[in-house]
Amino acid sequence: MKKFSYTIKDETGIHARPAGNLAKLAKGFAGTKITIEKGGRSVDVTKLMMLMGLGVKCGDTVTFTVDGPDEEAAAAAAEQFMQDNL
Amino acid sequence: MVKFSGKGVYGAVAVGRVSVFARQEAAVRRIHTDDPEHEIARVASAKETASEQLSAIYEKALKEVGETHAQIFEIHMMMLEDDDYNESIENNIRTQNVNAEYAVAVTADNFSAMFAAMDDAYMQARSADVRDISNRLIACLTGSSEGSASWGGKMIVCADDLAPSETVSLDKDRVMAFVTAFGSTNSHTAILARNMNIPAVIGAGEEFLAAVKDGDVLIVDGHTGELIIDPDEDTVREYLARQEDDARKKALLQELKGKPDVTADGREVKVYANIGGVDGIGAVLANDAGGIGLFRSEFLYLESTELPTEEQQFSAYKKVLESMAGKKVIIRTLDIGADKQIDYFGLEKEENPALGMRAVRICLTRPDIFRTQLRALYRASVYGELGIMFPMITSAEEVEKCLAACGQVRSELKADGIPFSENVELGIMIETPAAAVISDILAPMVDFFSVGTNDLTQYTLACDRQNPRIEAFVDTHHEAVLRLIEMSAENAHKHGAWIGICGELAADTSLTERFLRMGIDELSVSAPFVLPLRKKIRSLDLSAED
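So the protein sequences, as listed, match chains A and B. If you count by my numbering, then the first sequence holds residues 1 to 86, one letter each, in order. If you count by my numbering, then the second sequence holds residues 1001 to 1546, one letter each, in order.
Read the hints as simulated data drawn from the structure, not as lab findings. Note that CB positions come from ideal geometry on N, CA and C, so glycine has one too. Be a bit skeptical, because a hint or two may be false.
Below, a list of computed lysine-lysine pairs in the DSBU-like style, where the Cα atoms sit at most 35 angstroms apart [to be verified]:
{"hint": "1", "chain 1": "A", "residue 1": "Lys24", "chain 2": "B", "residue 2": "Lys1063"}
{"hint": "2", "chain 1": "B", "residue 1": "Lys1172", "chain 2": "A", "residue 2": "Lys24"}
{"hint": "3", "chain 1": "A", "residue 1": "Lys3", "chain 2": "B", "residue 2": "Lys1319"}
{"hint": "4", "chain 1": "A", "residue 1": "Lys38", "chain 2": "B", "residue 2": "Lys1318"}
{"hint": "5", "chain 1": "A", "residue 1": "Lys24", "chain 2": "B", "residue 2": "Lys1047"}
{"hint": "6", "chain 1": "B", "residue 1": "Lys1328", "chain 2": "A", "residue 2": "Lys9"}
{"hint": "7", "chain 1": "B", "residue 1": "Lys1319", "chain 2": "A", "residue 2": "Lys38"}
{"hint": "8", "chain 1": "B", "residue 1": "Lys1318", "chain 2": "A", "residue 2": "Lys9"}
{"hint": "9", "chain 1": "A", "residue 1": "Lys9", "chain 2": "B", "residue 2": "Lys1063"}
{"hint": "10", "chain 1": "B", "residue 1": "Lys1047", "chain 2": "A", "residue 2": "Lys57"}
{"hint": "11", "chain 1": "B", "residue 1": "Lys1318", "chain 2": "A", "residue 2": "Lys3"}
{"hint": "12", "chain 1": "B", "residue 1": "Lys1414", "chain 2": "A", "residue 2": "Lys57"}
Covered, in the sense of this in silico footprint (three residues per stretch, anywhere, with C-beta under 8 angstroms from a C-beta of chain A), are these stretches of chain B [to be verified]:
{"hint": "13", "stretch": "1074-1087"}
{"hint": "14", "stretch": "1112-1119"}
A short list of chain B residues far from chain A (calculated; beta carbon distances all over 12 angstroms) [said to hold, decoys possible]:
{"hint": "15", "residue": "Gly1011"}
{"hint": "16", "residue": "Ala1041"}
{"hint": "17", "residue": "Lys1060"}
{"hint": "18", "residue": "Arg1174"}
{"hint": "19", "residue": "Lys1270"}
{"hint": "20", "residue": "Lys1318"}
{"hint": "21", "residue": "Asn1352"}
{"hint": "22", "residue": "Leu1403"}
{"hint": "23", "residue": "Val1437"}
{"hint": "24", "residue": "Gln1466"}
{"hint": "25", "residue": "Ser1510"}
{"hint": "26", "residue": "Glu1513"}
{"hint": "27", "residue": "Leu1531"}
{"hint": "28", "residue": "Pro1532"}
{"hint": "29", "residue": "Ser1543"}
Please model the complete structure; the sequences and the hints are all you need to start from.
Dropping the structure here:
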């Protein structure tokens, strides 16, 4: 299991577009579960609506937990995605 | 003739006939089923159809509004595949023994309620996306066709609300404008309208929708959000003239966009724009201004019920600087008091507010407020070319205090290791006769002057701006005011400072030549005046004798 935290720098936070792209990325690692946690609530990143419903805003710190056979690569990809887009 | 109003989202005028957007919304009824698996299979096949429709819409949007804005339909497709959404539909069918349509409608209600309850306007607007995909799914289930606007020929589409997919599906060649009773300026529908260059007014209210019918003549003013049903001839003529005016401006833009602000004999003048909030940036860029000569920071204070925090201010200033991408942005520090009052400042009522506690006087009396703003400004300074100017200066002592406050903030930031730009220009407004008269003393202290002609006129001529009865006595071209400006320009240049004009007089093209002959370096005007002013400047030849 891999874990990392990230603080959102993008002004609009995880809005529809990045949420969609993040969900797409997570779906690419079938068998590996990526969850995102904010303020005690955690959701599966592939679940787009829940992810958007988390309401992650600029300045929020979120924690990713990646678990599964592909966890190394998936965690690296998710972290890269966050840095590039959010 | 009946008038309504909403929020204009794309500045243009349309005069035409109404077509009310009829959505064949099948009323969803709850029907008991003994064969839930059959209903689930129906959902699966409807989803396939909906998905195909969405990908066709995505392709259309890709061509018409570009990838960034088309992506919402890709997200719609993903929402349609969302596990929780689909599980909820299935669960409803299985546990309640209901028909597919009903299960979709209930699920849509739940998910859109989740978004609507979020404390973020952007996310609230997403509840419309859930409704959009759900209505599509229901339409596919019932086999009803998509909503459409029926009037033949060019039309103004009026609807309660338009889903993004419906907006893009409209035939651009036939739609002159659209008006919705509901919806927010944040919605994708509003964003799409802007990108499709269609005049649009949203949030016109239920009463508007109740009042229009197919074939009505309607005026839509996307600038002001005004709507006029069944206008009389004079009004139609007036708006057609405005439409022509818009067309002329557009032509002017085509002709002058990207051209330098240089007189015929080669003198360069900076033409900047004045704005009163972050949402004005669009107009600044659309009118091709060379920078922002006056960014009024009051909106931050006026829109809030308490003092805006350093973070809130920082984020607004950063946004402006970033959007202007290296072009000059001059932000004026807090200028409230007089005609702009804010309750939470707790300012006492004054006999004579124009001569009272306002602008820099508040800042120097309440250093905490001033410091917060200056910190936010300096922190944002690394994102572009920032200038800071102080309003209502009357003495060298005030300027010294302002500069000292800036110095204090810079050393605080340095001590905390927070980056800021070393090239922030500091300037003052010349808007009191006192400042103009001692401009020789003030000029060596600052990088620039910016003349606020409205206040300068009011104070010089002893004429209250707010008093309509004395309008006849306000001569905006009064020689006294012009001489004060000329004097300030001479003194500025003598001491290596530059001088601009950011008041209304800057846009008065009958004075442009005189200003340039005085040596004014910059003129800052409301965005719509940028290009007419550019045209005027390019026509002037200062090498000729007066």
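Hints versus structure:
1. A:Lys24 <-> B:Lys1063: Holds. Lysine 24 of chain A to lysine 1063 of chain B sits at ~23 angstroms (cutoff 35 angstroms).
2. B:Lys1172 <-> A:Lys24: OK: lysine 1172 of chain B and lysine 24 of chain A at ~31 angstroms, within 35 angstroms.
3. A:Lys3 <-> B:Lys1319: Cα-Cα ~32 angstroms, so holds.
4. A:Lys38 <-> B:Lys1318: Given pair lysine 38 of chain A, lysine 1318 of chain B holds - Cα atoms ~26 angstroms apart, limit 35 angstroms.
5. A:Lys24 <-> B:Lys1047: 19 angstroms, holds
6. B:Lys1328 <-> A:Lys9: Distance ~25 angstroms between lysine 1328 of chain B and lysine 9 of chain A Cα, so the pair holds.
7. B:Lys1319 <-> A:Lys38: 26 angstroms, holds
8. B:Lys1318 <-> A:Lys9: 13 angstroms, holds
9. A:Lys9 <-> B:Lys1063: This hinted pair holds, its Cα atoms lying about 31 angstroms apart.
10. B:Lys1047 <-> A:Lys57: Given that 35 angstroms is the threshold and the Cα spacing comes to 31 angstroms, the pair holds.
11. B:Lys1318 <-> A:Lys3: Satisfied, since the Cα-Cα distance of roughly 32 angstroms is no more than 35 angstroms.
12. B:Lys1414 <-> A:Lys57: 29 angstroms, holds
13. 1074-1087: holds (count 8)
14. 1112-1119: holds (count 4)
15. Gly1011: 24 angstroms, holds
16. Ala1041: 23 angstroms, holds
17. Lys1060: Given that every Cβ of chain A is farther than 12 angstroms from that of lysine 1060 of chain B, nearest at about 19 angstroms, it holds.
18. Arg1174: 29 angstroms, holds
19. Lys1270: 29 angstroms, holds
20. Lys1318: 9 angstroms, violated
21. Asn1352: 42 angstroms, holds
22. Leu1403: Since the minimum Cβ distance to chain A is about 32 angstroms, leucine 1403 of chain B lies beyond 12 angstroms and the statement holds.
23. Val1437: Holds, because the least Cβ-Cβ distance between valine 1437 of chain B and chain A comes to about 45 angstroms, which exceeds 12 angstroms.
24. Gln1466: Fine: 38 angstroms to the nearest Cβ keeps glutamine 1466 of chain B off the interface.
25. Ser1510: 43 angstroms, holds
26. Glu1513: 43 angstroms, holds
27. Leu1531: 30 angstroms, holds
28. Pro1532: Per Cβ check, proline 1532 of chain B is outside 12 angstroms of chain A; nearest 34 angstroms; holds.
29. Ser1543: Holds: least Cβ distance 49 angstroms, greater than 12 angstroms.
Violated hint for the displayed structure: number 20, the only one.
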